[in-house]
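Participant: Here our numbering = 1-based position in the sequence shown + 97.
Hints were generated in silico from the structure; no laboratory data involved.
Mixed in with the good hints there might be a few duds.
[Claimed, not checked] Pair ranges (Cβ atoms, derived):
(1) Asn108 - Gly242: 28 to 38 Å
(2) His150 - Thr124: 18 to 28 Å
(3) Thr122 - Leu189: 28 to 38 Å
(4) Thr163 - Asn201: 18 to 28 Å
(5) Gly224 - Leu125: 13 to 23 Å
(6) Thr211 - Gly140: 31 to 41 Å
(7) Thr137 - Ala207: 32 to 42 Å
(8) Leu189 - Asp116: 17 to 27 Å
(9) Thr160 - Ser110: 14 to 24 Å
(10) His159 - Ala118: 16 to 26 Å
(11) Ala130 - Thr160: 20 to 30 Å
(12) Glu191 - Gln119: 14 to 24 Å
(13) Leu189 - Ala118: 11 to 21 Å
Everything numeric in this text was worked out from a predicted model, so none of it was measured.
Each residue gets a CB set at the ideal place from its N, CA and C atoms; glycine is no exception.
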Amino acid sequence: MTRILLLHGPNLSQLGSRDPAQYGTATLDEVVAAARAEATPAGADVEHFQTEHEGLLLERLHTARTDGTAAVIINAGAWTHTSYALHDALELLEVPKIELHLSNIHAREAFRSTSVIAPVCDGSIAGFGIDGYPLAVRAALALLGRRA
98 MTRILLLHGP
108 NLSQLGSRDP
118 AQYGTATLDE
128 VVAAARAEAT
138 PAGADVEHFQ
148 TEHEGLLLER
158 LHTARTDGTA
168 AVIINAGAWT
178 HTSYALHDAL
188 ELLEVPKIEL
198 HLSNIHAREA
208 FRSTSVIAPV
218 CDGSIAGFGI
228 DGYPLAVRAA
238 LALLGRRA
């Protein structure tokens, strides 16, 4: 079975109650379920990992290099804009990588419109709320099909 690793960074554990005007009302469990609902019929499995600790996210990405992970979807939260360590860890991965954001990072505060991880991802999806999760799964699967 194709394994897609879905990663969430800081504060995303608070989905559902954190600034619903920006992030919607879906909980983290609901956005993960939306990704899985898209993946399962396509014969893919979504493994989810969320952390408030950057080092743990980096370690999970390093593990993904050798554990059979076929693609990565990452909502890095605020680390999107600041973490060159995350950029470097993603760059090491030779699998499709999709950057994902619930809100449109380009229509918010100026600092949010710069993504330091975008240059090492195959594509970015932003601004579609929970609907971005099935889109990201479809994009990852399409990239896998092109690379097969």
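Participant: Kindly confirm whether 28 to 38 Å is satisfied by the beta carbon distance between Asn108 and Gly242.
Facilitator: holds, 33 Å
Participant: Would you say the C-beta atoms of Ala130 and Thr160 sit inside 20 to 30 Å of each other?
Facilitator: Distance hint for Ala130, Thr160 holds at roughly 24 Å.
Participant: When you take the CB atoms of Thr122 and Leu189, is the distance between them in 28 to 38 Å?
Facilitator: holds, 36 Å
Participant: Quick check on a hinted range of 18 to 28 Å for Thr163 and Asn201, using CB atoms only.
Facilitator: Check failed, 35 Å falls outside 18 to 28 Å.
Participant: Within 14 to 24 Å or not, the Cβ separation of Glu191 and Gln119?
Facilitator: Violated, at about 33 Å.
Participant: Can the suggested window of 11 to 21 Å be confirmed for the beta-carbon pair Leu189 and Ala118?
Facilitator: violated, 36 Å
Participant: Mind checking the hinted window 18 to 28 Å against the Cβ distance between His150 and Thr124?
Facilitator: Since the Cβ atoms of His150 and Thr124 sit about 21 Å apart, the hinted range of 18 to 28 Å holds.
Participant: Are His159 and Ala118 spaced within 16 to 26 Å by their CB atoms?
Facilitator: violated, 36 Å
Participant: Starting from the hint 17 to 27 Å, judge whether the C-beta atoms of Leu189 and Asp116 obey it.
Facilitator: With a Cβ separation near 33 Å, Leu189 and Asp116 fall outside 17 to 27 Å, so the hint is violated.
Participant: Given a hint of 13 to 23 Å, does the C-beta separation of Gly224 and Leu125 actually sit inside it?
Facilitator: holds, 18 Å
Participant: Check the following: the C-beta atoms of Thr137 and Ala207 are separated by a distance inside 32 to 42 Å.
Facilitator: holds, 39 Å
Participant: Using the Cβ atoms, figure out if Thr211 sits within 31 to 41 Å of Gly140.
Facilitator: holds, 36 Å
The structure fails to meet hints 4, 8, 10, 12 and 13 from the earlier list, while all remaining hints are met.
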